[in-house]
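Fit chain B to the given chain A structure using the hints.
This is what each chain is made of:
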Amino acid sequence: MRPFRFDVARSVEDAVHRPAPGLAYLAGGTTLVDLMKLEVANPAAVLDINRLPLRGIRSDGPGLRIGALERMSAVAGHPAVTSGYPLLAEALRHSASPQVRNMASIGGNLLQRTRCGYFRDVRTGCNKRVPGSGCPAIEGENRTHAVLGTSDTCVATHPSDLAVALVALDATVLVHGAGGRRALPIADLYLLPGSTPDQETALRPGELITEVTVPALPAGTRSTYLKIRDRQSYEFALCSAAVALRMRGRVVREVRVAAGGVGTRPWRLPAVEDALTGRAPRPDVVAAAAAHAVDGARPLSQNRFKVLLLQRTITRAVLSLVDGRG
Amino acid sequence: MADSPLGRPVNRVDGRRKVTGTAAYAADQHPDRMVHGHLLVSDVGHGTIRSMDTAAARSAPGVLAVFTPFEPLALAAGAGQNWVPLQDTLVRYHGQVIGIVVADTFEQARDAAALVRTDYDETPPAASFAAGIPTATVPTGGWEPPVVDILADGVTSIDEALAASPVVVSGNYSQPSKHHNAMEPHATVADWRDGGLVVHGGTQAPAGHARSIAAALRLDPAQVRVLSPYVGGGFGNKATTWADAVVTAAAARAVGRPVKTVLTRPQTFTVTGHRSAVAQAIALGADHDGTLIALKHDAWSSLSGSGSVFESAPGTTSRMLYRTANLHVGQKVVTLDVPPSTFMRAPGEESGSFALECAMDELATALRMDPVALRLKNYATVLPGRNVPWSSKHLDECYRVGASRFGWARRRATPSAVAEGDWWVGMGMATAVYPANRFPTSVRVRLLADGTAAVSTASADLGTGMWTVLAQLGADRLGIAMDRVRPELGDSALPANFGAFGSASTAGVAPALRDAAAAAVRSLTEIAVSDERSVLHGADPAGVEYRAGALHAGGRSVTFGALLTATGHPAVEATASGGPGGPPAEYAFHSFGAHFCEVRVNRWTAELRLSRITTVVDAGTIVNPKTARNQIEGGMLFGVGQALFEGAQVEPNGRIANANLADYLIPVNADVPPMDVHFLDHPDTVFNPAGVRGVGEIGTVGVAAAIANAVFNATGRRVRDLPITVEKLL
Chain A
1 MRPFRFDVAR SVEDAVHRPA PGLAYLAGGT TLVDLMKLEV ANPAAVLDIN RLPLRGIRSD
61 GPGLRIGALE RMSAVAGHPA VTSGYPLLAE ALRHSASPQV RNMASIGGNL LQRTRCGYFR
121 DVRTGCNKRV PGSGCPAIEG ENRTHAVLGT SDTCVATHPS DLAVALVALD ATVLVHGAGG
181 RRALPIADLY LLPGSTPDQE TALRPGELIT EVTVPALPAG TRSTYLKIRD RQSYEFALCS
241 AAVALRMRGR VVREVRVAAG GVGTRPWRLP AVEDALTGRA PRPDVVAAAA AHAVDGARPL
301 SQNRFKVLLL QRTITRAVLS LVDGRG
Chain B
1001 MADSPLGRPV NRVDGRRKVT GTAAYAADQH PDRMVHGHLL VSDVGHGTIR SMDTAAARSA
1061 PGVLAVFTPF EPLALAAGAG QNWVPLQDTL VRYHGQVIGI VVADTFEQAR DAAALVRTDY
1121 DETPPAASFA AGIPTATVPT GGWEPPVVDI LADGVTSIDE ALAASPVVVS GNYSQPSKHH
1181 NAMEPHATVA DWRDGGLVVH GGTQAPAGHA RSIAAALRLD PAQVRVLSPY VGGGFGNKAT
1241 TWADAVVTAA AARAVGRPVK TVLTRPQTFT VTGHRSAVAQ AIALGADHDG TLIALKHDAW
1301 SSLSGSGSVF ESAPGTTSRM LYRTANLHVG QKVVTLDVPP STFMRAPGEE SGSFALECAM
1361 DELATALRMD PVALRLKNYA TVLPGRNVPW SSKHLDECYR VGASRFGWAR RRATPSAVAE
1421 GDWWVGMGMA TAVYPANRFP TSVRVRLLAD GTAAVSTASA DLGTGMWTVL AQLGADRLGI
1481 AMDRVRPELG DSALPANFGA FGSASTAGVA PALRDAAAAA VRSLTEIAVS DERSVLHGAD
1541 PAGVEYRAGA LHAGGRSVTF GALLTATGHP AVEATASGGP GGPPAEYAFH SFGAHFCEVR
1601 VNRWTAELRL SRITTVVDAG TIVNPKTARN QIEGGMLFGV GQALFEGAQV EPNGRIANAN
1661 LADYLIPVNA DVPPMDVHFL DHPDTVFNPA GVRGVGEIGT VGVAAAIANA VFNATGRRVR
1721 DLPITVEKLL
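Chains A and B, in that order, give the protein sequences. Note that this note's numbering has the first sequence beginning at 1, numbered continuously upward. Note that this note's numbering has the second sequence beginning at 1001, numbered continuously upward.
This is chain A alone, in the form it adopts within the complex (with noise of 0.2 angstroms):
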């Protein structure tokens, strides 16, 4: 770890308003501090926002909003969630560990940053550590890398469960930033790697998270989030689905379909939401709309199985929705 300079921010305008580079803000830390200590984050300065007003957990007609220091768990445990936005609160609890979840904020969980191992070791070349110096998961041990979005420069998975269940859910961030605020889609949050794998997000340097808002879901849609990984908690995603599905009858009215653990972004699914819509879901049709989900795929050397875990993973969730089976 570098030395670096610490403040406390005391207001918004505060925090976005400091010279940007070199500064990281500060939430729960679980992600800052591991890379700072690795060496692979060396900010100048460190700027704690934990005391800014971004909290709260309110429901109301069309939908959600979260401030952006919420910590995991607090989302995962709240009624208006629990109840309004099962999706969410799944997805969360499935993510990292219940220490973790009590430190992590919802803003920092759509910021962290990829587990890939060459990325957290700075002996090894990464581009998206140190632009230009190579990618040797590529070569290398890629067993849980992307097999969607990938470039030649970059195949590192995005590894967040929270940003595969907003991006389902259309949710948007509101960020801040010297020059006032904005909202963005989530969906339009996250770049891909192409070939400058070292930006990976829309925010503009200083541009801080202060909420998340969640349009509500029609009705009678039942949602599911399902995490297939190598462990049972405490471990990323190898291939993860979240689902939203609105029957008529017994054809899909709408669905949603997104993914995890295997994109370098949380990847949306439109192919396969529109070749379920308006289908009586079989077990044949759903099969055959959860192949459009690697229309594109690029796989590794040790992560081709993701391009049929992640057609059974999709199978597996909608499935359930339709007939409730395990």
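Treat the hints loosely; a few may be bogus.
[Unchecked claim] One side only, chain B facing chain A, incomplete, derived with CB under 10 angstroms:
| id | residue |
| --- | --- |
| 1 | 1605 |
| 2 | 1609 |
| 3 | 1612 |
| 4 | 1633 |
| 5 | 1637 |
| 6 | 1657 |
| 7 | 1670 |
Please keep in mind that the hints were generated in silico from the structure rather than gathered at the bench. A quick note: this is a predicted structure, and the numbers were derived from the prediction, not measured. All C-beta atoms, glycine included, are put in the ideal place defined by N, C-alpha and C.
Just chain B now, with coordinates in the frame of chain A:
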């Protein structure tokens, strides 16, 4: 008379200290003027260090010294490996110790270490186990003979016997190298005082640790005292002294201050030892009725070029587990440029049982025979090749009791015959075996005038329960309440003890303690009859009986506390030693067990869940069912890790890609169902008078096979390459 606590589920005597955080582990020690060490490790897998630029580190805040091969510490012997740290510029493997930074605080030492720039002349390491198999060699070290052939009369080769067998199954099994990952990382606090060295360090062998450090620092062993009252897990990786301890001790001598070094989690992967990667080829030949005709088991284990232990997979399992007319076991090693390979819980049995017990399941399938029935059909009553019986063997009862407790009769032989919802349900079983060991052990029993007793040996309690067992054994032999017995261990100055490994501690301590207690009572009796102040003065020693903490003769009696007080003796003590027990020529000594488990596999996503497991253990007398059960459960967890999670990812350049606890997966509570553990509790008095064998390791042996066999029963897929991850079942 105090009822003997032997065989009772007594709570850990150190439990309160541990759960309240008052048990001080090595890293909790802070002697006056202590400073902190941080190791430097190599970033390349093989080659020579050309230069190390330490200028920035030396001028960093708080730094006292930086030691490297160019500014070395005085060390005379290696530790845990066949070379001496910091004495040359050779890099033997990725993550090797190449220096230490000493600074006022931990953070200063760590941050300064990051400023050291090292240049290497790199040469490619031999890091790939698979690539080394074709050039594997027959090992020269090891405890088991590398090749054993026992052939029936007239049979000239094992292959001939296999060819003549009506039913043959064969398969290749493999598993990656594994790391112990004790919760407590290796830590050393080295404190030079009064012409000697006090080392606080978690170790399985305080006396051995002191000897190794003394040799490295050219000290008389009596000048080094190791204190290790609490050890946060060892599993074989704290049986040996590693480079961190000797480098820290030498650095403390050089800077003239106590130094503490705690390994980072990644450093524990490379500075200390690990379990070999193992590949195995096994073939079983049988008659149609299930009688084994031929068993051929070959293994290739990785061995570090730095030394020193490799998995003797067939030699510890197929060599002795079943009766067979023809037997071949063969062991080769693949020597690699990797960190030291060492003991890890059930070294040999862990891997060997995976291949053997899966192959037995494959044979049962081929024969359409129940897997338990097949094992009973080939039940060994004498050790193959030596034709001696076991001192005590109740494996058949393990099978019977385990099958009954588990509900094995409900198993369907056909794979994928049982499903609940979207989950296939399968059952599997396997045998466990582990040798009964006994190592040189001395125990001192000291009776004090205040009516208490101290029971002492330089052993260790690495979570095993030895603090408690020592108190129980002392209370039992002296006939007094446990709270009047003070156990002492974890100190190299105590009576010699080989250390806590090989599941041998209780079997070593119990007979030595018995002899020491008897000798102490003889000394007590001598005082009682000869001292005029004694109420038993003048009694015939042969007529004095010791019972329930008191001497009795001629209708009079006196407690040892009252006698010692009356006669002005602060204490009376005796030390006794026991060595390896039993006549090996007449008996074989092993513990046995059987595992039965149930798994569920999702038909869509191939997720695997262990849903039930029953284990029955035949390990002689159980001194404390609570701590013993704890040991077996911990062992079983290692087996679950072997089956489902664990494995180092060694890259071509020798870097371990998953050298941390986020990427190197071990089971969490959510992965493990309640474990049903049952002990048969048949005393093995041939092995030692106390009838105890050991329980540290046998719980691990066979678990992976039981799980893999259950996976086959659930899905029809035979996974022979561990761990069983989702892609192998999709």
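For each hint, the structure was consulted:
1. 1605: holds, 5 angstroms
2. 1609: For residue 1609 of chain B, the interface hint holds, since the closest Cβ of chain A sits about 8 angstroms away, which is under 10 angstroms.
3. 1612: Residue 1612 of chain B check fails; min Cβ-Cβ to chain A is 16 angstroms, beyond 10 angstroms.
4. 1633: With Cβ-Cβ at 18 angstroms, over 10 angstroms, it is violated.
5. 1637: violated, 12 angstroms
6. 1657: Holds, about 4 angstroms.
7. 1670: holds, 4 angstroms
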